[in-house]
Every structure is written in C-alpha cells, then in structure tokens.
Amino acid sequence: DAKTTQPPSMDCAEGRAANLPCNHSTISGNEYVYWYRQIHSQGPQYIIHGLKNNETNEMASLIITEDRKSSTLILPHATLRDTAVYYCIVRVAAAAGNKLTFGGGTRVLVKP
Amino acid sequence: SAVISQKPSRDICQRGTSLTIQCQVDSQVTMMFWYRQQPGQSLTLIATANQGSEATYESGFVIDKFPISRPNLTFSTLTVSNMSPEDSSIYLCSAEANYGYTFGSGTRLTVV
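These protein sequence lines are chains X and Z, in that order. Using our numbering, you'd call the opening residue of the first sequence number 262 and step up by one each time. Using our numbering, you'd call the opening residue of the second sequence number 46 and step up by one each time.
Bear in mind the hints are in silico, worked out from the structure with no lab data behind them. Just so you know, these numbers come straight off a predicted model, no measurement behind them. Any given hint might turn out to be false.
To be verified - If you want the footprint, here are the derived chain Z segments under chain X, 3+ residues with CB under 8 angstroms:
no.	region
1	73-79
2	86-94
3	137-151
Claimed, not checked - Negatives, chain Z to chain X, calculated, CB over 12 angstroms:
no.	residue
4	Leu64
5	Gln69
6	Pro112
7	Asn117
8	Phe120
9	Ser133
10	Thr155
Yeah, the Cβ is synthetic: ideal placement off N, Cα and C, and Gly gets one too.
Here chain X stands alone, though its shape is the one from the complex (with noise of 0.2 angstroms):
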C-alpha cells in the first residue's frame, strides 16, 4: 500500500544539483513525508523529512507543493558518491503505531 510514485530512474551530472520527484496525491493531513537512501548493500540511509514547509540540512531539501500532493528532493551538489536508490515515503499511521512503507524508489545514476 504504497502512497508514493517516483521515476525508476534518472541521470544527473557531477556537481549540478539533482532534483528528484516524487507524487504522493493520496497523502492526508497529518502524514509525514520522509525521503531515504540505499546504497548498494546497505541498510536505507535517513536523508530529510517534512510534514507542510520545506525543509533543508546538510544533506539536502525538501519542497513540498502547497496542496501537498507532490515534493522534490533536491541534492545541491552531486557527487559519485550520491549514485544510490532514493526513496520517497509517507509515512503511514497504524494501530500499531506509525509505519514507513517503502515504494519502487528511484535510482540515481550520478556520472562524471
């Protein structure tokens, strides 16, 4: 029950900034949007996540629409060591409790 649509994958050059996509119509009022990282053999890395107002840290930012539907990652600077899959998350209230329910992500190519 994924709520996310990201392209499966994308280029970006060394040193440009690299935005990244990702369509969550579904998404309601009080649902997070969280956005990860894999990189290749390794356990999903914490990258940024935002509720209504963007947001930005040292790895990157968060733009979130008005109408919430939609939100961009954008990785300023680019490096190799950027190529990973990056996932795009809404984070999911349960029973249970609150859960992240990864969808396809997009893989990032970043060449040089």
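Here the structure of chain X is known, so what remains is to put chain Z in place on it, guided by the hints.
Below, chain Z alone, put in the same frame as chain X:
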C-alpha cells in the same frame, strides 16, 4: 541518533531449517520493525514489534513463518522458519528514532 547492530550479517542455510536474526539498538526505542528486501526489489514491511505486546504483521506475513520476539526496549529477534529458497532475501531491522527511523545493515540470507 540510534545505532542498530544486526547479526548475522549473512548466512547460508539448508531448506527446512530456521534462522534467528538478532537486532540490538544502542538506546531504548518504543517501536521496531522488520523488513524483507528481495533481490533487486524495494523493502517490504514484515511486521511492527512493540515491547510488551505481540507483533503486528503485514498482509502476506504470518507469525508461524516469521515469529518475532521483543523482550525489552533495545532488542528484537526475527526467526525465518522452515526456510525455502524463496526466503532468500535481505532482512532488515529498523527502529523509530528521534528524527525518524534508523536501519540496520541487514542480514543477507541464502537458502539452498
């Protein structure tokens, strides 16, 4: 942020046997999660494990096949029972941390 140690990191098991995977968190956490990642696929949530209550399983996963223990706020185990080659996957433990969710590095299981 919480750090998760997961073991074993990998194992090769005979069909029909069972394997127990351990997940240790370096701080107390309320919610822990178990995921499966089949080759080339995204992560699929198996169950949510809260201390003091029975695990809550996602559709398609049952307790007889994937029994889970959660004896305290820093530890959980997942057992893969009566294994078949279709159980060959990476199994990941996750915990809800201050900012979101942290993941272990996974257990790569091969069933022969």
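Hint check results:
1. Coverage of the region 73-79 of chain Z by chain X holds. Counting CB-CB distances below 8 angstroms, 3 residues qualify, and the rule asks for three or more.
2. A count of 5 residues in the region 86-94 of chain Z with a Cβ less than 8 angstroms from any Cβ of chain X is obtained; the coverage claim is therefore met, three being the minimum.
3. Only residues whose C-beta sits within less than 8 angstroms of a C-beta in chain X count toward coverage, and the region 137-151 of chain Z has 11 of them, enough to reach three; the restraint holds.
4. Remark: the non-interface label on Leu64/Z is consistent with the geometry, its nearest Cβ contact in chain X lying 18 angstroms away (cut-off 12 angstroms).
5. Against the 12 angstroms criterion, Gln69/Z stays outside the reach of chain X, whose nearest CB is about 14 angstroms from its own CB.
6. Non-interface call for Pro112/Z relative to chain X: holds, since the shortest CB-CB distance, roughly 16 angstroms, exceeds 12 angstroms.
7. Even its closest Cβ contact with chain X, about 17 angstroms, leaves Asn117/Z beyond 12 angstroms, as expected for a residue assigned away from the interface.
8. The claim that Phe120/Z is not at the interface with chain X holds, since no C-beta of that chain comes within 12 angstroms of its own (minimum 17 angstroms).
9. No Cβ of chain X comes within 12 angstroms of the Cβ of Ser133/Z; the nearest lies about 15 angstroms off, and the non-interface call holds.
10. Once the 12 angstroms rule is applied to beta carbons, Thr155/Z is consistent with being away from chain X; the minimum gap is 14 angstroms.
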